[in-house]
Amino acid sequence: MAGYLGRRLLMTIPILVGVSIVIFITIKIIPGDPVASMLGPTGSPEARAALHARLGLDDPLPVQYFAWLAHSVTGDFGTSLARHDAVAPIVFDALVNTLILTLAAGALAIVLGLLIGALTGLRRTGIAARIGNAFALFSISVPQYSIGLLLIIYLASNAGLFPVSGMHNPNGGGGFVDLFNHLILPAITAALVPAGIIARMFRSSVLDVMSMDFVEALTARGLSRARVMRHAFHNTVPSLLTVAGLQIGYLLGGVVFVEAVFAWPGIGLLVYQSITQRDLPVIQAGVLVSAFAFVLINLVVDALHGLVDPRIRT
Amino acid sequence: MPRYLTRRRRRRFTLFGALLATLSLLVSACGGSATSAGGAGGNTLIIGMTASDIPVLDTGLAQGQGYEGLRFVGNQLYDGLTKFDLTKDNQIPKIIPDLAESWTPNADLTSWTFKLRPGVTFHDGTPWNADAAIFNFDRYTNKSSPQFYQDLNAQGGLSIAGIKAYKKIDDLTLQIDTNGPWAYLPSDLATVYFGSPTAIKAEGNQGFAEKPVGTGPFKFDSLVRGQRMVMVANDQYWAGRPKVDKVILRPIPDPTARTAALRSGEVNWIEVPPPDDVPSLKSQGFQVLTNSYNHIWPWVYNMTKAPFDNVKVREALNWAINRQALVDNILKGTAEPALGYVPHADAAYEPADDVYGYDPAKAKQLLAEAGYPNGFTMTLSYPTSGSGNMVPTPMNTALQADLAAVGVKVELKPIEWAAMLNDFFTGKIPDNADALNISLSYQQEGFWRSWFGSDSAINAGKYSNPEVDALFAKARTVLDDSARASLYSQAAKQLGKDSPWLVVVNDRNPRVLASSVHGFVQAQSWFADLTQLSVG
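Protein chains in written order, with numbering that gives the first Met the number 0: chain A, 0 to 313; chain B, 0 to 535.
What the hints contain is simulated information worked out from the structure, not anything from laboratory work. Any given hint could be a false lead.
Covered, in the sense of this in silico footprint (three residues per stretch, anywhere, with C-beta under 8 Å from a C-beta of chain A), are these stretches of chain B [to be verified]:
| id | region |
| --- | --- |
| 1 | 150-163 |
| 2 | 202-209 |
| 3 | 215-226 |
| 4 | 250-261 |
| 5 | 405-419 |
For glycine and all other residues, C-beta sits at the position ideal for the given N, C-alpha and C.
Between the sequences and the hints, there should be enough to build the whole structure, so can you do that?
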């Protein structure tokens, strides 16, 4: 098991290098000069040239890339072009905020997905199942951006039940309860799509397992319904883990819109904003850190797989 | 499915329902406390900005997140030698003394003597004097000084373009020499801010942005990146303590969320509401403030090729669009029709500068005279968002319909703002389109030459007229403000004949304040004076 995890961990290195090269090249290909957006209309051509030279933007691409790589492996992601500040703390602050949102949304998605999946899988007809199916379909199809705005308008602004945006009360203080209140609407918004996907997957997995011979066999041997269900549930866990793990991974990158709508100061909003400013060091570090988190989450899922399913532990 | 399990399943369903109900109760209970804690308490102004992050807090770098940074950070934490008088809403802001009490130029306007204001200290107690001023000018411009900051120099742009040399005459007297006659040096200097030399030395150039220290009406209190910046009133402010105790800046980039934050009481001031929300905000008792300022939203014609190398075509389009309908229907009164090249809030404005109107018949006639009786097809490159660009997509779609009525078919080519700027700053129109939509201003007088001067590196449409160039050159040598304004007005009249742009609207700088905010005056400026307002 340890060897397996070690190998997987080592494999993340080429993945991250690949990701960084792709980002680097993409940013260089798309039009837009970071210095131009930095200086605005009042910048003189001389000032632009001087800044270009100082930031090393005139060097050949491979030189720029390796200079960046050499610094990055020491944890120095450089200086933000737009914020004139070290990139690492900016990105890590944002990552923590995104992780909070992702984990809350992930937990919500799993709970909702399991409940609805089980409901619709165990009871294929009836009003509750229909509502469950409709909800699953709705939550997959609805654009996060619109649902976020609707929640803001109706629950936060009109009804006054929740704060409209941000992560903390601007007057400061508040602590955990304050954070929790700010978290509810963005977490619901972000959780909808993965909840729907998990529900639909779990439903078919429940249907599959419930039609297997062992369920009938166990029932025939007089096991109680609860114990039968426990065995059945155990059989759905591997596929559940895979889907839930992937969904949480996607959430990491997919909360961009949610963060933008709710002004949640996370990594999605940071990278989005940095793209409009062509702030390459922040984009590079932000995407890399997200990719690393994605890989790590998948690693954890694999490890859990190993725990629940001895067959893949070799 | 075996039937005998139905009862148990029903029980499970009941359990599930109970769980949901408990969850929703819990959620609404917590939510209830959220609103009471989220509101603005006391004499505190909470501003919902359009920026998606807090601007950089270091002097001139504050404009890095758009000019909102100068408005809410630069002018609040810092002072310049001069400033705009923002206390009146019925006049174009004049340049008045700030950290300098007075100034006098030599006869040919190449050397200026500034008398500095005595008795002013930075927020950390460091005295303001000629040494502090020189320290900051070195930081902006002197490459051999230890505190020189390349980023700041680059961002200084037009504001420091006129400065050639500077020296201390005595503790409270400073001499600035310019690159040739520079009549508008005092107005350029309004956005050259001064930071405490003690703090800059202690924190270093980059670190200073984390602990900024100026002389301005508000002192830095705290910053949570991406979330909020808190400033408190400077009790020692030389012009008197601001009436409001605390100002909190919050980045809320989404316009709908911004309006919702105002409605729920989380903020009591928002910038740029979506035009569609303006009528309902008014009816709900919010103060919807607008005023003219120095802003213009044109299409810059590509004059290097047909059909816009023809002046009649350029003029024709200016008669074909219904600006008032655009203002009424799409912008809900948050802008005013632009009928010429000078915004109404520019000192150069004279009624005679308004040269165009809405007359589709005249447009058709001009097109026929130009040899296009059946119109033509053109491309327009426009940014989909960006500072000052208002709501570009619906606006350009409306213009497209107006122009189609006179036979001009417009193909809209949206482009991302940063990509557009990249071309614009190198003097190009993206994709070599026939026109470029952008928002511009003459807030700094040097902009006139930037947009229209033959020798400007960022004159994207390639307009060139020696007469206009001569007027801009002459303006630099004329000290009297109104005489200089009349030179720009003459230039604008010539522009009216040459029609280098399709002029569309001037923005009216919409912002919305809660009814609890008292005493704010919306000046005819991009900037805002926060010292005279109070909340409660």
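Against the structure, the hints come out as follows:
As drawn, the region 150-163 of chain B meets chain A at 9 residues by the rule of a beta-carbon pair under 8 Å; at three or more, the given contact holds. Given as covered by chain A, the region 202-209 of chain B passes the check, having 3 residues with a CB less than 8 Å from a CB of that chain where 3 are the minimum. Figure legend: the region 215-226 of chain B, annotated as covered by chain A; annotation consistent (5 residues with Cβ-Cβ distances under 8 Å, at least 3 required). Counting residues of the region 250-261 of chain B whose CB lies closer than 8 Å to any CB of chain A gives 9, which reaches the minimum of 3, so the coverage claim holds.
With a cut-off of 8 Å between beta carbons, the region 405-419 of chain B has 4 residues touching chain A; three or more are needed, and the interface restraint holds.
The structure is consistent with each of the numbered hints, conforming to all of them.
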